[in-house]
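Numbering (the working numbering), first residue to last: -18 to 559.
No wet-lab data here; the hints were simulated from the structure. For glycine and all other residues, C-beta sits at the position ideal for the given N, C-alpha and C. Hints are supplied without guarantee of correctness; some may be wrong.
Distance ranges between label pairs, derived from CB positions [to be verified]: (1) Lys331 to Ser146: 28 to 34 Å; (2) Lys273 to Asn443: 28 to 34 Å; (3) Gly275 to Asn308: 42 to 48 Å; (4) Asp523 to Gly183: 38 to 44 Å; (5) Glu145 to Glu470: 15 to 21 Å.
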Amino acid sequence: MKLRKLTALIAAAALLLGGCAQEGALSDNLSDSQVSDSSYSSSEAQSSEQTDVSSENQSSDTSSSDSQESESSADNSENTSVTDTSSDAEITSAATSAPAPDSSKEDTTTKKETATKPASTSGSTPSAADFSAEWKLSSTWNDGGNYCGGYEVVITNNTGKSVESWTAEITVPSGFKLTSQWNGIFSVSGTKLTVKNESYNGSIANGGTASFGFNYSSPKEFNPSGSATKINGSAASSSSSSNNNNNNNNNTPTATKKPAATVPAAKPDPAGATPVSTHGQLSVKGSQLVDKNGKAYQLKGMSTHGLTWFPDFVNESAFKTLRDDWNTNVVRLAMYVDEFGNGQCYMQNKSGSLALMEKGIDICIDLDMYVIVDWHVLNPGDPSKYTNEAIEFFRYISKKYGNCPNIIYEIVNEPNGDVSWDGIIKPYAEKVIPVIRKNAPDSVIIVGTPTWSQDIDKALNNPLKSDNVMYALHFYAATHTDWLRQRVETCVNSGLPIFVSEFGCCDASGNGTNDFNQTTAWLNLLDKYGISYINWNLANKDESSSAFKTSASANGNWSTSDLSQAGAWIRKWFRGEQ
-18 MKLRKLTALI AAAALLLGGC AQEGALSDNL SDSQVSDSSY SSSEAQSSEQ TDVSSENQSS
42 DTSSSDSQES ESSADNSENT SVTDTSSDAE ITSAATSAPA PDSSKEDTTT KKETATKPAS
102 TSGSTPSAAD FSAEWKLSST WNDGGNYCGG YEVVITNNTG KSVESWTAEI TVPSGFKLTS
162 QWNGIFSVSG TKLTVKNESY NGSIANGGTA SFGFNYSSPK EFNPSGSATK INGSAASSSS
222 SSNNNNNNNN NTPTATKKPA ATVPAAKPDP AGATPVSTHG QLSVKGSQLV DKNGKAYQLK
282 GMSTHGLTWF PDFVNESAFK TLRDDWNTNV VRLAMYVDEF GNGQCYMQNK SGSLALMEKG
342 IDICIDLDMY VIVDWHVLNP GDPSKYTNEA IEFFRYISKK YGNCPNIIYE IVNEPNGDVS
402 WDGIIKPYAE KVIPVIRKNA PDSVIIVGTP TWSQDIDKAL NNPLKSDNVM YALHFYAATH
462 TDWLRQRVET CVNSGLPIFV SEFGCCDASG NGTNDFNQTT AWLNLLDKYG ISYINWNLAN
522 KDESSSAFKT SASANGNWST SDLSQAGAWI RKWFRGEQ
């Protein structure tokens, strides 16, 4: 009996000592975390700190609370106490009203605390990556058991400063091969694809972008969102989009415009008629190109390659064959401005470039065809770099030919790089257009749009105020598919006058495999809306987009054996034989 009493007394004493020790330890912890102020009572200090801690915990845990909503209330309660999100008042109450936990509970709490701490920080905002990479899927297909596709990759500089060069490193499947590429210097080694900037797109301002693209073939599926991408040695944040929604979220026009009324189409030309005598001075009515009688009229034809690179194709026999055999009504004369400082381009060869341009215009006038005078800005992508030269050129041509009904002016071909519509292209056009209007007040003028003349929606949101202006759209059928066609429909239905002054049946490099199914989808859409289109290119260069084999003569009267795959296809299309 005495032994039992003695045991009870010893247990009670141990319990009392344990409680005091726990209370003392808790008091020490609270005094360390609280800001002491002798003018505050203990209850005021506790109330003040409770408010501060609650406020701090609400702030720090806001982002993580969303991830916890699906958990049970019991789990929430447990995780909250473990990660110290309860108030000091609750902690004090629990410590004084319950016995100290035994060692096994302390071990369990420690393990849970370690396991749940990442949850409390996972919702916090990570530091932004120096670069981001947006992967724009153009299309996918299977060929010989391989996975094939194409991507346009847009790099954004988030470093806080400009960079003068960039290198992208991308993890790819073993056996990955490039079938075509553009706007970069590419190499594949094992499972690493490396892309370095070209001379013209290495500089990226802070917040600015640069882009490159490629088509590929791979024995295994390639998923860039699941692959490691590094830009200049640091991990880049990646996002991806498919054809059906590419750019729809970010680039859907915000302007609301009443669709233009449909203009009746002109009747087919009678046998033996020539284009300009029949249709005269063209103009723009709503979203459509119309002839002298106010009827919708569609131009279809070929673009030269660089005039000074393939000068032999600028001849009467070639253009006459295009008119009479290919059933076209327009030729586009592409005069490169400064392609990588090439000595044959306008900036280094003004007299030679002008001579070929005038020769081409004169031939078209003699053949009663329409002609597009193309200031072919590609590199550099910023047209404002040569604003003064453009003004000088267009002043000369418009003064010489006046209000000649044959001529259409294309004042910038493909703006690209970090070039915006509002900040660069539109102000450039507002300087050049008045120069032409002084001498040719009624001529149609085509203005290129951002991203190699794909972002026509930017012009829709902030159009030029000049009359008889159209906006260039360019596409290459194996690269630009449904997503860009959807943009065309949106813009034309909103009243934007569109002119496809360049397209190809292959990919955006001007090379690679021709995709005639996609080309058919494109041209059917353009015919539906009466949108004019010009095929690239009238040359015998060894590339997919050229209309002729390298062995073909430039002198017209071509046989089918002279035609490339693309040339044979587009000729049949123009003749209505596809």
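### Query
Can the suggested window of 42 to 48 Å be confirmed for the beta-carbon pair Gly275 and Asn308?
24 Å, violated
### Query
How does the Cβ-Cβ distance of Lys273 and Asn443 compare with 28 to 34 Å: does it lie in that range?
30 Å, holds
### Message
38 to 44 Å was suggested as the range; check whether the CB atoms of Asp523 and Gly183 agree with it.
### Response
28 Å, violated
### Query
Does the Cβ distance between Lys331 and Ser146 fall inside 28 to 34 Å?
With Cβ atoms ~31 Å apart, the hint holds.
### Range hint compliance [Cβ, Glu145 to Glu470, 15 to 21 Å]
40 Å, violated
Figure legend: structure checked against the earlier numbered hints; hints not met, in rising order: 3, 4, 5.
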